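Line by line, the protein sequences give chains A and B.
Each residue of the first sequence is one higher than the last, beginning at 1 in the numbering used here.
Each residue of the second sequence is one higher than the last, beginning at 1 in the numbering used here.
Please note that the accuracy of each hint is not assured.
[Unchecked claim] Distance condition first, Cα-Cα at most 25 Å in a straight line; then the derived BS3-like pairs of lysine-lysine: (1) K52(A) - K96(B); (2) K117(B) - K96(B); (3) K75(A) - K126(A); (4) K4(A) - K108(B); (5) K4(A) - K117(B).
[Said to hold, decoys possible] Partial chain A-side listing against chain B, Cβ under 7 Å, derived: (6) Q27; (7) V30; (8) Y32; (9) W47; (10) P55; (11) F57; (12) R58; (13) V63; (14) L64; (15) N65; (16) T93; (17) Q116; (18) Q137.
In case anyone wonders, no lab produced these hints; they're calculated from the structure.
Being a predicted model, the structure only gives us computed values, none of them experimental.
Backbone N, C-alpha and C define an ideal beta-carbon position, used for all residues, glycine too.
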Amino acid sequence: MGLKDKYKELIDAATAAGVSNLNVREQDNVLYIDGSTPDGAVKDNLWNVYNKIDPDFRAGDLVLNIDASAAAGTKAKVTTQSSNLNIRKGPGTDQEIVGKAAHNEIITVVSKANDQWSLIRTDAGKEGYVYTQYLTQA
Amino acid sequence: MKKNIIGYFLAFGVLALVMGSCKGKASQTTTTDTAVIAPADNTVKKMPDTTVIISADDSLKTTVADAIKDFPGVNAAVDQGVITLTGTITRDKLPKLMMSVNALHPKKVNNQLTIAK
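Using the sequences and the accompanying hints, generate a full structural model.
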């Protein structure tokens with residue numbers, strides 16, 4: 001069975017949810033699915049489908065990259081597990097911490113520095129870089 | 001003699017014609033080349049449809065360190081684009097970790113984590 005067949009339910013769900021720039025291709029026995037959605041719930045649902053097809057993500061035959069991070073110029077919610085989110089001077093954990101955003105705090109995304117880091121501003125006026133995975137479009 | 005001159009003129013004329021048409025062809029070819037490049041450019045723009053972007057190991061080592069930082073007990077190794085996760089994690093945190101790691105453009109993710117109840 002091909003990987004596109006194995007993950008058909010996931011691909012269909014992504015298509016049905018209107019994931020934009022949806023890109024599905026197979027290379028060296030790994031399926032790569034990329035796309036973006038402004039809705040964090042859509043991303044969570046796709047990951048639930050992935051978890052159902054491949055329990056605990058053990059097979060190592062899919063790289064699922066659904067970007068649900070907030071776009072530049074929009075508001076985002078800090079969705080850490082429970083802790084505060086470090087705001088850093090530059091894009092990297094080796095960069096100095098210049099402030100913190102609280103769990104569930106709403107902040108403004110100024111721009112995206114790269115795939116992993118966003119430049120943000122808090123309502124208190126603190127500006128710096130945070131790890132994009134912990135931001136969800138508000 | 002007169003015949004010869006006419007012959008020369010004819011030959012010259014034909015030559016000029018041939019050269020002219022060659023020139024024409026040459027410029028035509030250039031135009032065609034440009035026209036060929038245009039669709040090629042479109043193909044380049046469509047590349048994400050077929051090309052899988054895989055980050056270099058150096059870049060992955062940095063980004064994966066950032067990604068697992070908030071998951072104590074989780075370790076990650078990078079080799080030729082493949083990220084191997086080892087250590088322990090609770091099942092409720094696993095999807096969030098996998099989301100982070102999958103976003104780094106790895107070639108593959110080997111999840112060898114032990115799930116703690």
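Please work out if K75(A) and K126(A) have their alpha carbons no farther apart than 25 Å. holds, 15 Å
Per-residue hint verdict: Q137(A), partner chain B, C-beta under 7 Å: This hint is violated: Q137(A) lies away from chain B, its Cβ roughly 15 Å from the closest one there, beyond 7 Å.
Hint check: K52(A) vs K96(B), CA-CA at most 25 Å. Holds or violated? Judged against 25 Å, a Cα distance of about 15 Å means the pair holds.
Using the nearest Cβ pair, does V30(A) come within less than 7 Å of chain B? The hint holds - V30(A) has a Cβ within 7 Å of chain B, the shortest such distance being about 5 Å.
Min Cβ distance, N65(A) to chain B: is it shorter than 7 Å? holds, 5 Å
Does the alpha-carbon distance linking K117(B) and K96(B) stay inside the 25 Å limit? holds, 17 Å
Restraint status (C-alpha distance of K4(A) to K108(B) at most 25 Å): With a Cα-Cα distance of about 16 Å, the restraint between K4(A) and K108(B) holds, given a limit of 25 Å.
Quick one, is the T93(A) hint okay against chain B at 7 Å, beta carbons? Holds - the Cβ of T93(A) comes within 7 Å of chain B, reaching about 5 Å at its closest.
Using Cβ atoms only, decide whether Q27(A) comes closer than 7 Å to chain B, and label the hint accordingly. Result: holds, 5 Å to nearest chain B Cβ.
Given hint K117(B) paired with K4(A) - CA-CA distance at most 25 Å: violated, 32 Å
For the hint on L64(A), just tell me whether its beta-carbon gets within less than 7 Å of chain B. holds, 5 Å
So, as I understand it, the hint says V63(A) touches chain B; can you test that by seeing if any CB pair is closer than 7 Å? holds, 5 Å
In the structure shown, a violation is registered for the earlier hints numbered 5, 10 and 18, in ascending order.
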